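A.B. asks: Sequence:
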Amino acid sequence: MLNIEPTENVLILGIGNVALGDEGFGIHVARRLKDTSFPANVRVEEGAVAGFDLLGTLTDVDRLIVIDAMILDLALGEIAFMDLDAGFNAINKTNMSFHQVGIVELLQISSLVGKTPRVHFLVTKPDKMEWSFELSPMVAQAADKAAAFLQQKLAINHITSE
1 MLNIEPTENV LILGIGNVAL GDEGFGIHVA RRLKDTSFPA NVRVEEGAVA
51 GFDLLGTLTD VDRLIVIDAM ILDLALGEIA FMDLDAGFNA INKTNMSFHQ
101 VGIVELLQIS SLVGKTPRVH FLVTKPDKME WSFELSPMVA QAADKAAAFL
151 QQKLAINHIT SE
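In the working numbering, the protein residues as written are 1 to 162.
Note that these hints are calculated values from the structure, not bench results. On a predicted model such as this, the values are computed, not experimentally measured, just so you know. All C-beta atoms in this analysis are idealised placements derived from N, C-alpha and C, irrespective of residue type, glycine included. Be aware that one or more of the hints could be misleading.
[As the list claims (entries may be wrong)] SDA-like, lysine to any residue: derived pairs with alpha carbons at most 20 Å apart:
no.	residue 1	residue 2
1	K34	Q141
2	K153	R63
3	K153	L20
4	K145	M82
5	K128	N3
6	K145	T59
7	K128	R63
8	K34	K128
9	K153	R118
10	K34	R63
11	K34	K145
12	K145	E5
[To be verified] Derived CB-CB ranges, DEER-like:
no.	residue 1	residue 2	range
13	S132	D35	17 to 25 Å
14	E45	A19	29 to 37 Å
15	T36	R118	16 to 24 Å
16	N3	I71	23 to 31 Å
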């Protein structure tokens, strides 16, 4: 569940490689959200495949929403929203994220330096992983759904800007 308080600093982090088609899902969703008028406590970042370079972005984050392409038992075009435990369990069982080492290590290191945000994953299943800067049609639909999902959830929770 996504119950965000107005006092929580929220980072929506899209990760992926936009040069590999559907592998860039997280980046494409982040770009769809860039023009959204979120409250002041919500920011959207593109994480690409930077791994440890993202550690500094977590210093003031209370809630982290990671958007990524993961190999899951989902229909193409479907999205899944998971909390930290479900996301880590899925990563550990299936090695399904193309960035799982980077994001898992990033979160572990952030906890060692005293900052552990509440973490959620918003994911879809990739269709085509090939040299392309475009998403496949079904994953593009999933990107639209993911962006709409976050816009709706943040509005439903009555987060207000100053």
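A.B. asks: Would you mind marking each hint as holding or not holding in the structure?
C.D. replies: Taking the hints in turn, this is what the structure says about them:
1. At most 20 Å may separate the alpha-carbon atoms for a hinted pair to count; K34 and Q141 meet this at roughly 17 Å.
2. Taking the CA atoms of K153 and R63, the gap is near 14 Å; set against the 20 Å cutoff, the hint holds.
3. Taken as a hint, the K153 and L20 pair is broken in the structure, with Cα atoms around 29 Å apart against an allowance of 20 Å.
4. Between the alpha carbons of K145 and M82 the distance comes to roughly 15 Å, so the proposed pair stays at or under 20 Å and holds.
5. With a CA separation close to 33 Å, the supplied pair K128 and N3 exceeds the 20 Å bound.
6. Simply put, K145 and T59 have alpha-carbon atoms about 29 Å apart, too far for the 20 Å limit, and the pair is violated.
7. Straight-line distance between C-alpha atoms of K128 and R63 comes to about 30 Å, which puts the hinted pair past the 20 Å bound.
8. A distance of roughly 25 Å separates the Cα atoms of K34 and K128; the hinted pair therefore is violated under the 20 Å criterion.
9. This hinted pair checks out: K153 and R118 have alpha carbons roughly 16 Å apart, not beyond 20 Å.
10. Our distance criterion of 20 Å between C-alpha atoms is met by K34 and R63, whose separation comes to about 18 Å.
11. At most 20 Å may separate the alpha-carbon atoms for a hinted pair to count; K34 and K145 meet this at roughly 15 Å.
12. Under the criterion of a C-alpha separation no larger than 20 Å, the hint pairing K145 with E5 is inconsistent with the structure, at around 23 Å.
13. At about 23 Å, the beta-carbon gap between S132 and D35 stays in the expected band of 17 to 25 Å.
14. A hinted range of 29 to 37 Å for the beta carbons of E45 and A19 is inconsistent with their spacing of about 19 Å.
15. Here the CB-CB span from T36 to R118 is close to 21 Å, well matched to the stated 16 to 24 Å.
16. The supplied range of 23 to 31 Å is met by N3 and I71, whose beta-carbon atoms lie about 29 Å from each other.
When the structure is compared with the earlier hints, violations turn up for hints 3, 5, 6, 7, 8, 12 and 14 and for no others.
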